[in-house]
Every structure is written in C-alpha cells, then in structure tokens.
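Chemist: Listed here are the chains, written in short residue letters.
Number of protein chains: 2
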Amino acid sequence: MTNLNQPEDHVDVLIVGAGPAGLMLANWMSRLGIKTRIVDKRSTKVFSGQADGLQCRTLEIFDSFDFAHRAWRESNHMLEICLWNPDKDGVIRRSDRIPDTIPGISRFQQVVLHQGRIERFFLDSIKEHSNITVERGVMPTSFEFDASKAADVDDYPITVTLRTLTEEEATPQQQQATNGAAVSDGLFRSNLAPDDTDDMLRAAELNSRANQTQTVKAKFMVGCDGAHSWVRRQLGFNLEGDSTDYIWGVLDIIPITDFPDIRMRCAIHSANAGSVMVIPRENKLVRLYIQLQSTVTGGGKADRSKITPDMILKSAQRILHPYKLDYSYCDWWTAYQIGQRVGDQFSLQERVFLAGDAVHTHSPKAGQGMNVSMQDAYNLGWKLAHVVKGYSDSAILKTYQSERRRIAQDLIAFDYRFSRLFSGRPAKDVMDEEGISMEEFKMAFQKGNMFASGIAVDYGSSLLVAKAGDSGEQGDGTDVASKDKSLRVVSKHYLSTGISVGMRMPSFKVLNQSDARPWHLQELLKSNGRWRVIIFAGNLTNRENFGRYSQLGEKLSSPTSFLRRYTPPGQPIDSVIEVLTVHAGPRTSIELLDLPEIFHPYSEKQGWDYWKVFADDQSYHEGHGKAYENYGIDPRRGASVIVRPDQYVSWLGEVDDYEDMERFFSAFMKPQPELAQKELPVAAEASTL
Amino acid sequence: MTNLNQPEDHVDVLIVGAGPAGLMLANWMSRLGIKTRIVDKRSTKVFSGQADGLQCRTLEIFDSFDFAHRAWRESNHMLEICLWNPDKDGVIRRSDRIPDTIPGISRFQQVVLHQGRIERFFLDSIKEHSNITVERGVMPTSFEFDASKAADVDDYPITVTLRTLTEEEATPQQQQATNGAAVSDGLFRSNLAPDDTDDMLRAAELNSRANQTQTVKAKFMVGCDGAHSWVRRQLGFNLEGDSTDYIWGVLDIIPITDFPDIRMRCAIHSANAGSVMVIPRENKLVRLYIQLQSTVTGGGKADRSKITPDMILKSAQRILHPYKLDYSYCDWWTAYQIGQRVGDQFSLQERVFLAGDAVHTHSPKAGQGMNVSMQDAYNLGWKLAHVVKGYSDSAILKTYQSERRRIAQDLIAFDYRFSRLFSGRPAKDVMDEEGISMEEFKMAFQKGNMFASGIAVDYGSSLLVAKAGDSGEQGDGTDVASKDKSLRVVSKHYLSTGISVGMRMPSFKVLNQSDARPWHLQELLKSNGRWRVIIFAGNLTNRENFGRYSQLGEKLSSPTSFLRRYTPPGQPIDSVIEVLTVHAGPRTSIELLDLPEIFHPYSEKQGWDYWKVFADDQSYHEGHGKAYENYGIDPRRGASVIVRPDQYVSWLGEVDDYEDMERFFSAFMKPQPELAQKELPVAAEASTL
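Chains as they are written, first to last, in this note's numbering: chain Z, 1 to 689; chain G, 1 to 689.
It should be emphasised that the hints constitute simulated quantities derived from the structure, not laboratory data. Predicted model only: the values in this text are computed from it and were never measured. A few of these clues could be false.
Since the list can't tell identical chains apart, any single copy or any two copies may satisfy a pair.
[Stated by the list, open to error] Straight line, CA to CA, 27 Å or less: simulated DSSO-like cross-link-like pairs of lysine-lysine:
#, residue 1, residue 2
1, K483, K389
2, K605, K314
3, K324, K605
4, K88, K526
5, K324, K442
6, K670, K217
7, K149, K284
8, K284, K605
9, K306, K555
10, K284, K526
11, K389, K217
12, K284, K127
13, K217, K149
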C-alpha cells in the first residue's frame, strides 16, 4: 500500500532497501502486524546474478515462515565438494571428495538458487500476511533524528523525506551494464514472468509520480540498503577493513566441457594459472568463480573496464587445462575485488539500525553474503516487533548489535583466511614456503563448512540468553546483561548435552500425541512471534516425573503466572508464550486428556488443543526421531527449554524450574497493564464439556 | 480460452465435467499440447464437502505432475486407525490400533484434503502449462456420432452443441441446499480467496452470454460428468448394481469432545446404536460418517428431507456414548444411501469415453471415489494424447476399458463387503450369527487398506503390458492382446522380485551420478508423456556387465533403432522414449563420460546431459536407497524395465534384450514418417567438444 499521496505519514518501522535483508525484516513485520513501510530506489527486483547460496540455517528460517519448500524444490542441491589440485607434474587431479553440508547438522542442506526467486518468496509471503508492499523507485533524501524523543518508545524520533525517482534513475545498474554480452534472461522467463506482472505495473505507476516527495515519521528505521548504504552515511558510521589484491571473475554459463565434476561444487587450484570455484546452479547453469591473473597491489582499485567475459573464460580454460571448457549460453557475468569490512556501529540509540551489506562486506565465494544479511534482519525483526507491541522492554534491542556485529566480525575473519588460502598458489612440496598447503586448505574448507552452514552461530550471554560469562566478551563488547543482577539466570547446561544455550534449537522428529503424525521439532517453532517453553517431561508413566510436570502445570495455570501476566487480556493463553510438551514415550502409554489442562488448552468454540503435546516414539513411516537421545536429555529426569521467537535457545533448566523461568522473563517482559481490570480467560475453568 | 464466439469449433478432445476426473484429463492434455476444451455446467468449483481422501497412489500421481507437495502440506495426515468395539458390557472400548497406510508401500501416506483445494491444484497446473481454461456454466445439449468417420483417427466423428447456462441454472446444487444450517466457508477463506478471483470473473463473463450456443466437432469426447452423466445417457449405457438399505449422515465439524481418538481415523461399532467413522481433516475439522437408525428396506429411496444436522448429531452421540460430542462450528453436512454400481461399457468405439462417477458409484467411506475417478482419467489421458499425436496406434485405447472397468468392478466388490461389515451390528459372542465378527471386520479393514492405497492396482496382459495369460480374463473381458501374435512379448519376471509387470513402478532412492543428489526413482518418471526404458545395468566395474550395457548402447544408437524410429525428426532423442540408467554403484567407481553417449546424450548448445545416469549408493544425508535389493535385481546380472507414461510397468527383461524391447514397442508405436527424408539428429557424431 503506497501512501505517497499523503503529505505526511507515521509508521512504526521504515525499512530502506528491499534486498534479502529488507525483505526478511518486512516479512517479520507482516507476520506480527507492525505498521511498516519498505522503500527501494530500484524500479524492479533483481533478475540475474548476485549471491545465491542458501545455507541450511537459512532454509530452516525459511521453513519457519513456510516457504522453504519453494526454495528446496527450485534450487540446485549441492551435495559434494570435489577438491582438485596439481599433481607432481602440475596436472590438476581430483584429490578429495567431502560432503558439502556436514551430515546431521540440519534437516536441510546447502542449495543454490537465484536471488530473484528468493525475493519472490518473500514478496509472496508478505502479501499473504499483510498489506505491506515494496515501494519501488522511492528513496529517502533527508534524515533527521530528534534525540529528545528517543526515550519514549512510542514516540517518533525519526523524520525522513521520501522522493519518487524517475524511471531512468530507478533502473538498476545491472541492466544498464550488461550491454548485450550474450546475457539474456530467457531461461528464467517461465519461472519469473507470471509472478512479476504486479511489480511491473506498480513500477510504472510509481514512475508516473516522479519527483513527488513525502515526509515520514518513524519510531524505528532500518537501513538494509547495501554496501553504499545511504542510511549509514546519514548516521556517519564507518565500515572498517580493507580490500585484498585478488581480482576474480564470475561467469554464469551452461558449460560445454569434459571436466568430470562440473555438476559438483569444486575448488580447483591449478599449479600456476590460479584457482576456480565451481558452483552448479539450477536450470543447467554453472557459476564459475575464476581467479584473474591481473591483480592490483597495495589495496588499490582494479580497473574493471578491461575485464570481458572472453578474458574471464580464457583464464578459466588455463586453470582447467587439460580439460576443455566452452559455452554457448551465458546468463550473467561480472568481476570483483575481494574486500572485507565491518561496520563500527550497528545502531543509533537503538532507533536506527543497519543490517546486511550496509554493515559487512566480504567475498561471495563462501556463499555467506545473502545468508548473513537475512539473518541480521531475522535477529532484529521480532525484537523490534515485541518492543513496538509493548511485550518487551526496549533494552532487548541492544542485543542486536551485540549478537550480529560479533557474527560479522567472525565472518570477516573466516573470509580473510579462506580467501588467502583459495587465492594462493599451491605449494609444490613441503619446502615451498610461499605456496599454500593443500592439506591446510582442505582443513580450512571443512571447518569453513561448519561456519558456512549458519548452524554454528552461538549468541553470547545477555538478558535474552541465560548463560554464564561476560556479555561484552561473548558479543561485540556491548553490555547486554540484565541491569538488575537478581534477574540474571544461568542455565543448567548439564541437563542436556544436545541443546546449547545461545545456539538455535536442534531439530529431531517427534510424534503428535493426538494423531501420531511425525514432525520435526523445528516445524513446531514457526516464526509467528511467540516465545516457547518446551517441557521435556521425561517418562510420564514414572510417578515422580508426572508429579513434577503436574506441579509445573499448576503454577503455569495460576492467575498470576508469567504466562498470564505477559499475555494481553482477551488473547489466547498461547499467543505470547506457547507451552509445548515432549514426553519420552511410548505415545500409547498416556492419554492427552489425562494431562493437566494448561498443556492442551481448552476453547469453548474449538474444544481441546490437540497440537501441543508430543511423544518421542517410533513413527509408522519415518523411523524413530530418538529426540531424548539426540538432545541428550535423561528421560528419567527431563528438562525444560525456553526458546526465543527466532528459535535460539534462551534457557535450559529442570522440568519444574518455574521460578527460574519467571525470573528469566521478568528481566525484559512487560506485564500487560489491563490484566487486573479484565476478566481472565481461564482455560482451566472453561473445560467442562 | 473460451471459443464461444465462433459458431463452430474443432477440437481433439472435448471433456464434459470439470470435477477431479475431468481436471485430471485436462491436466494431461495441457502437458502434452493437445487441443482441448473442458466444460462444466456448474458456475463455480466446489467449495465444501465432497470426497476428500487422497490415497498414496494419487499423491504419487500428483507428484508426477509436480503438485503433490501442495496437497501434502495443506492436508491432514492420517497415520493410525483406531478400532472401537463394545466390550462385554456394551461400552465402546479401543480394541486396536493399526497403521492407516501400510508401511513401506509408498513414499506417501494417505491424507485428507478438501476437494476444492485439489481442483485448485489442477487448475493452477493447467494454467501453467497451456491455454486451456474450464468453461463454466456451459453444458452440451445435443450429441451426434458419425460412425463412418470413426475409422480415421484424424477425423471428427463427434458433434456436440454447447449452450451457456443462465446464472440460476449454473448455481451448484450444493449451495442451494445448505439453507443456512450453520454452514459457512469462513474457515477456508484464507485458503481459497486469492486463488479464485479469476474463476469468479470468468463465471460472471460467461453468464452475460446466457443461452448462446455453439457447435463443436471433436475427435474424442470424455464424459467426466458424474453419477447422473449426460454423456452416458447419450450413449445409452447403463450403470449396473444396487442400492443398500443403509442410510448414513455426514458432519464436518470442529468437535468438542472427550472422545480420546478424535484426531485419529476411527471405526466405531456401538453395541446397538450403529457405527461411526471418524476422519480427521485439515483446519481442525473432523468428518464423521454416522449410521442413521432410519433405514429403508428393499432397495428403495430414503427420504432425505427428514434428515437434519441435529438428528445426525444425536445419532453420533448415541453411538459414542459414554463419551460426549458437540460442536459450535459445522462446515458442511449431508446424508446418503449407499449404492454400488458399475457401467456396462466405458466407451463408444474408443471415441467417446466415460470416467469417474459416470461409470462407478459406491460408498464414500473408503475414501476411494475421487481417487479412482482421477486414476481413470490418468489412465486414459496419455493414451488419447499419443493417438492424437500419431505416436501410437489407436488400438491402445481399448486398454482403457479393459484396465479401468476391471478396477471399478474390484472396487465395488470391496465396497460391498466392507459396507456390510461396517454397517452391521457387532456380534455379542461367537454364537451370535446375525452379528458381525469384529475380528473379521479388522481383517477386512487391513486388507482394504492395501486396496484403498491404490498401490495394489495390477493391469492385465495387453499390448501395453507384456505378461503371460489371457488379456480378457485379466481385464474386464475385452480382448486387448496384440493382433499380431509374433509381437506378443512376455517379460522375464524372474529378473526382479520387486517389480511386477502391470503394477506401478515402485520407488526407492538413487543418486544422480553427476552431482550425488538422491532422488526417489519415481521423481524421475514425471508425467510428461514419455515412455521410459530403465537400464539397471548392474555393477559396471564388472567387465561382462559393462559389455552388455555397451552393446545395448550401440543398438540404441543405431540410426534404425526404435529410439530413433519412434521419435519425430528434429526432436531430442529422449522426447518420446527416455533411457535412464541405474547402475549398482559405488557411484565413485565410474565416470559419466566413460559411458556410451546414448546414455547421457550430448547437445551442441548445452553439453552433456547430466540427468540420465544414477547409482544405487549411500547418500550423504538421506541414507542408502538399496534400490537393487528392494527391486530384487541381481547386481551381477541387472535387468531392463519399460515403464509406461503413467508409471505402470510394461516389460521386464535382460539388460541387453534389445530385440524384445523393439518387438514390444512395434506392436503399437507408429514409425515417424518423415524419418527417411530428414537428417538424423545423431548424438554420437556431435560429441566433439
């Protein structure tokens, strides 16, 4: 919904930039009903090229928004990495095969898909859940920040002028630059054409309003506007870091070749001609990252104008020799110089934020760019929404920089090391000290695979992550511990060897108690803004376990429990904090209706809730998830876990650690003010049939 | 594309009725580029109620058209059946749990989804692949058949007049009948609304043309127009069979109940109050089939006007006693009297066909109706298309009645027995001869589960199914053997214990040789009209195996091979018959480019084909498919399989049984006439890089 006709508009969140980070954020806002506008200076979304690896963690996140299956079906799946090195005669040979995604770390594996499709999934999802639309060909031209208004979270400290661009201004660089060099989007037509009609029409409509301006007042603003971020410049923040001396070319082609591993991800080090990385893509395409022999020295800028597809192809042919390589279809090409930079600050007083390329740039070969950018926004989105909705104190917003700047720093350190190893000449033998050890490269690649999966992310101690240690040291230096020391809770990590506080909740299959359907646990943790308390109640035929579980149920049912206190009156009891149970099985050893009612709440219109209690048991068709074994939880004792709305583990404790749960939440959750006045929606009392 | 403006139109195929059978047929036509029109007298598609179980075979078929995932995601999955019987005091007790789908028979399991969604998937699929649109509010009013034109397959023996109905005429019965009895489609709004706008607009457009008529000349016509089929009446064909005395009510409700298995499929026999079947559905709904105490005798018609939702609910409450049942939301309700009937003929001179409810009716409780109807059309569609395109002799069309009328007969026999067991009063003890033995009921249920899966379908011997025995006996009596006895081929069934000629090709996971990605074999058998020859080449490091495989490759590559002879000139070599290889592994023991070229054809524009050769090997993330073991094929010997475009197995023989393959195809395939004149697209000669 474009509001450009009004002279002034008020929004909760203004997002600048509609690439993957901006769309992820808008997507969160669409789910949580936050008044949001999102603008992008480009007139249409991206059509070809650009970063396109999707890590398994990103797919988990997509699944939490219900569109991972679209990416999974359309993408090319990369299963194996082949390492090619020169033999003693300098001829390249396959030296190793390793799995591309480490087996067992996720139910998804890394895939490759064109960025335009990923943006499409977001746009469809946003449309399905809200009236938010991307306003294209619109950019901010002025920014003011009234610091005196920053203290009141409901005030609008941000003022931005938006201007509608002319058609010429809004045409993406990418389309102007390709000048007919065998580049067409014919292959994608069937994929994209039916989806994009609305966007095209909207773009044309906007252009008829060229040069209109409007003032927007915002509570929060997020700059997702790329490496040359306009928002970052307004804030006066800097990217810190350097360019390297390596120049790389990129070709997206349908290869005609006798190189045997062209449909595998390959890292190829030639003896003297440089390196190639092969990334097989969808629609028969293959992306080649090709080291060019022209390098610059001293961190200067390379002259990209001298680089042509033919020159890049010739470099690739030299590296792949004695194998032949050619193509008759090229989808896209480019060249770049690796640079590694991180922003010095990620936010202005937790009112204006930066995310994605606006605060970190690095080489594309690790397939991290789009993923880390989307995950920045995924981290920020629910926090913003909970503050806007009055669920949480704004103190939680500080954890964005603490958590994500640390990730960016780690990413850059990884990329620096990896780029050096990949761009270097292979060592001839152990005496060749200037050369790169292929053994070292392989080890870095394997270690990098864990990093690159996104699964290794481990957020530090904070008021949202109940673990021991200093929050500054574990993050980027920002102090994000609870101000009130009596509310600092430390998890009992020894209760589960498979769940790590600060990391995302691992996923294994469990069975719905009521219909025996197997679900991956993560499928129960949809990104709908809810906190979850997952009770691993253990073996419920054990009287002691049942007793502890029942006691917890009693405390949770109390009119003053944290469940009730933080749920706005009139809303269902599971709308802010949802309680799930996973008992140790067997499924048929218990009946749902014998469990305390708070664990399967009753509604007068819809009866009992059959989707809250699960069993760790054998399924009929999909094996046994062995959840207790995999989570490392003793079924004789059990454990409880608090999981954030973004699936990261906040807290781990005993089944009946009600007091610690309450302390954890009270460090940042806001009691809902109308609680006392209105009638309580007491599930327990409404349960008679 | 409605062609109603022209006074006369010519089409290859005219489909009457746009329910599941008609849409399945139109869907096939959309994939294979057949000039088709499909008309339906109703103004809009179905909104609630109606048959909605999807068997696992139906989901396999949906997957072959690339939309099973939509049904899988939206549907309710039924995993377990609970049997409830009276105990010795006459109180209902859970007596057994059995899996709803027999484990291991398919990669899908039976699910439940509203018919309107299934029609939506078809409509989207048809739209994506063609310009065919359903012409709603249009019905045929006259039919002529010129038998003298039936001999020439390219002639138009059928003449039909189409009339556009008025809005009133075209409004579905279902909407008129519900008269506000707590029935609304509110729950489905989010599902259906965005999809149906186009249909609504088109319906309105058609109605502005009320009473226009048009003459359509058709090569073929298919009546998919339901139990009261207009097409069947034109042909003068009959449904043979009877009604039973049992009356059943149906409620689709969100139940409020303490019955513990309400989210399971349940068969509940009460001592004296009748039976209930529970079918849990999507969106918290549950369908209850409830035996009503009012029965009619002597096969007469029941008076449905006396049946109300409240009366049905009260019957259910009596049966479920001592459990309580109520609802505040009812989505739909109806009542019916079970009747079992099969058409005496399924086609008029293989020019006009009947499919679905037009030729078989039975009780809905086995969840078969929609499935068998869609599978009728799935069986017919590719045959019609191959005849229209000139690939096949029209003799193959006789197999439609032979194969599908036999299935309908089997279905009715099953349904008759099952209905009797389910509607009968449970025996009090072994001496109670009038009562039904619950043990017998359970055994029938389990046996019925195999039947109901759709996997048990086993087409008889015919010119399309190379197995021993009499084609008349194995089908419905029609003679469908090859007229030329020298072309009758019998499979070597002993080469595979897991593949049955006449049944659908079972599916296990294999790895793509070129990128190590695991695929279910069936995923390689998409419904795109192609025949497949699957070469289970065995262990290719064995010299003898490699020799036989290479010899086959040589014969297939010959300019006179059946591959070339049946492929229209200028089309890719895999466009009518596709050759796939599954070797016994290990994957890394061979290189794709060392295999004969015909098994991974080369194209000058796109290089080698990397999607034809697969290995039976361990995957990184999805286990080992053990395809050879599961198919019961000896990796030291191998086997070849010919699979029909609808995934049913036609022939099984030795890897290098080229001559039998050729004989099989020559019994019904037509050599492409232009072959001699045009230049051959010889893959082998174009292979230099």
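Chemist: So, for every hint listed, does it hold in this structure?
Modeler: Hint-by-hint comparison with the structure:
{"no.": "1", "hint": "K483 x K389", "verdict": "within (22 Å within a copy, 77 Å between copies)"}
{"no.": "2", "hint": "K605 x K314", "verdict": "between (70 Å within a copy, 19 Å between copies)"}
{"no.": "3", "hint": "K324 x K605", "verdict": "between (69 Å within a copy, 15 Å between copies)"}
{"no.": "4", "hint": "K88 x K526", "verdict": "neither (53 Å within a copy, 47 Å between copies)"}
{"no.": "5", "hint": "K324 x K442", "verdict": "within (25 Å within a copy, 65 Å between copies)"}
{"no.": "6", "hint": "K670 x K217", "verdict": "within (25 Å within a copy, 72 Å between copies)"}
{"no.": "7", "hint": "K149 x K284", "verdict": "neither (54 Å within a copy, 46 Å between copies)"}
{"no.": "8", "hint": "K284 x K605", "verdict": "between (52 Å within a copy, 11 Å between copies)"}
{"no.": "9", "hint": "K306 x K555", "verdict": "neither (71 Å within a copy, 51 Å between copies)"}
{"no.": "10", "hint": "K284 x K526", "verdict": "between (33 Å within a copy, 18 Å between copies)"}
{"no.": "11", "hint": "K389 x K217", "verdict": "within (18 Å within a copy, 64 Å between copies)"}
{"no.": "12", "hint": "K284 x K127", "verdict": "between (31 Å within a copy, 25 Å between copies)"}
{"no.": "13", "hint": "K217 x K149", "verdict": "within (12 Å within a copy, 76 Å between copies)"}
Hints 4, 7 and 9 from the earlier list are contradicted by this structure; the remaining hints agree with it.
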